[in-house]
Amino acid sequence: MVSRVQAEPFEPGAELSRFTAQAPHAGAIVSFTGLVRGQDHAGRALTAMTLEHYPGMTEAQVQAITEEAARRWPLQAVLVIHRFGRLAAGEPIVFVATASAHRSAAFEAADFLMDWLKTKAPFWKLEEGADGAEWVAAKAEDDQAAERWR
2 MVSRVQAEPF EPGAELSRFT AQAPHAGAIV SFTGLVRGQD HAGRALTAMT LEHYPGMTEA
62 QVQAITEEAA RRWPLQAVLV IHRFGRLAAG EPIVFVATAS AHRSAAFEAA DFLMDWLKTK
122 APFWKLEEGA DGAEWVAAKA EDDQAAERWR
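Note that this note's numbering has the sequence shown beginning at 2, numbered continuously upward.
You may find that some hints are simply not true.
[Said to hold, decoys possible] Restricting the straight-line Cα-Cα distance to at most 20 Å, the calculated cross-link-like pairs of lysine-lysine (PhoX-like) are:
hint: 1; residue 1: Lys126; residue 2: Lys140
hint: 2; residue 1: Lys140; residue 2: Lys121
hint: 3; residue 1: Lys119; residue 2: Lys140
[Said to hold, decoys possible] Estimated spans, in silico, between C-beta atoms of each pair:
hint: 4; residue 1: Ala22; residue 2: Glu129; range: 35 to 41 Å
hint: 5; residue 1: Ala134; residue 2: His103; range: 39 to 45 Å
hint: 6; residue 1: Ala71; residue 2: Gly14; range: 21 to 27 Å
hint: 7; residue 1: Ser105; residue 2: Ala134; range: 28 to 34 Å
hint: 8; residue 1: Phe108; residue 2: Met58; range: 15 to 21 Å
hint: 9; residue 1: Ala139; residue 2: Arg73; range: 19 to 25 Å
hint: 10; residue 1: Ala138; residue 2: Thr34; range: 20 to 26 Å
hint: 11; residue 1: Ala139; residue 2: Ala61; range: 17 to 23 Å
hint: 12; residue 1: Leu17; residue 2: Glu135; range: 16 to 22 Å
hint: 13; residue 1: Ala138; residue 2: Ala49; range: 15 to 21 Å
hint: 14; residue 1: Phe108; residue 2: Gly44; range: 27 to 33 Å
hint: 15; residue 1: Ala8; residue 2: Ala138; range: 29 to 35 Å
hint: 16; residue 1: Leu127; residue 2: Gly28; range: 38 to 44 Å
Think of the hints as simulated: they come from the structure by calculation, not from any bench. Even glycine gets a Cβ: it sits at the ideal position worked out from N, Cα and C.
Go ahead and model the full structure; you've got the sequences and the hints to work with.
Next comes the structure, spelled out in structure tokens:
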């Protein structure tokens, strides 16, 4: 079970290929790649997003979330990559991959990971557009989605 919090870009296809090679007995592999959106929820055009984090604490929390997924589902492998720093619209920001003998476990674990990463990992997002920058507030719908895993 691997998690990485990094400033460096990553290539989702290459990450998925390496992950798949490390789970030769899996019957299902599910992956999710999150991208920096080109617009916010109100439709305002975005050019970039800056993610700030608390070094040490963020890595520990992302690893704890990864380990929790491995405790809840029969997973053969898990990979979570989350970037920080300034990212342009369209760049990959998060990558999650799960491998299991069965698809339902792989899908559910990936969904859990994304819900908990959005609500429990200490990242702060600053969206930038032509009309300035704005910090992103926590969303009630994200908290509601994460509640189903309690």
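Structure-based check of all given hints:
Of the supplied pair hints, the one linking lysine 126 and lysine 140 holds, its CA atoms being roughly 12 Å apart against a limit of 20 Å. Restraint check for lysine 140 and lysine 121: the C-alpha separation of about 12 Å stays at or below 20 Å, so the hint holds. Among the hinted pairs, lysine 119 with lysine 140 is consistent with the structure: their alpha-carbon atoms are about 10 Å apart, no more than 20 Å. Here the CB-CB span from alanine 22 to glutamate 129 is close to 37 Å, well matched to the stated 35 to 41 Å.
Remark: the range hint 39 to 45 Å for alanine 134 to histidine 103 is upheld by a beta-carbon distance near 44 Å. A beta carbon spacing of about 24 Å between alanine 71 and glycine 14 agrees with the range 21 to 27 Å that was offered as a hint. Here the CB-CB span from serine 105 to alanine 134 is close to 41 Å, at odds with the stated 28 to 34 Å. Against the hinted window of 15 to 21 Å, the Cβ-Cβ separation of phenylalanine 108 and methionine 58 comes to about 29 Å, which falls outside the hint.
At about 24 Å, the CB distance of alanine 139 to arginine 73 agrees with the hint of 19 to 25 Å. A hinted range of 20 to 26 Å for the beta carbons of alanine 138 and threonine 34 is consistent with their spacing of about 24 Å. For alanine 139 paired with alanine 61, a C-beta distance near 20 Å keeps the hint of 17 to 23 Å intact. The beta-carbon spacing between leucine 17 and glutamate 135, approximately 33 Å, falls outside the hinted interval of 16 to 22 Å.
The hinted window of 15 to 21 Å between alanine 138 and alanine 49 holds, with their beta carbons roughly 18 Å apart. For phenylalanine 108 paired with glycine 44, a C-beta distance near 30 Å keeps the hint of 27 to 33 Å intact. A C-beta distance of roughly 24 Å is found between alanine 8 and alanine 138, which places it outside the suggested range of 29 to 35 Å. At about 41 Å, the beta-carbon gap between leucine 127 and glycine 28 stays in the expected band of 38 to 44 Å.
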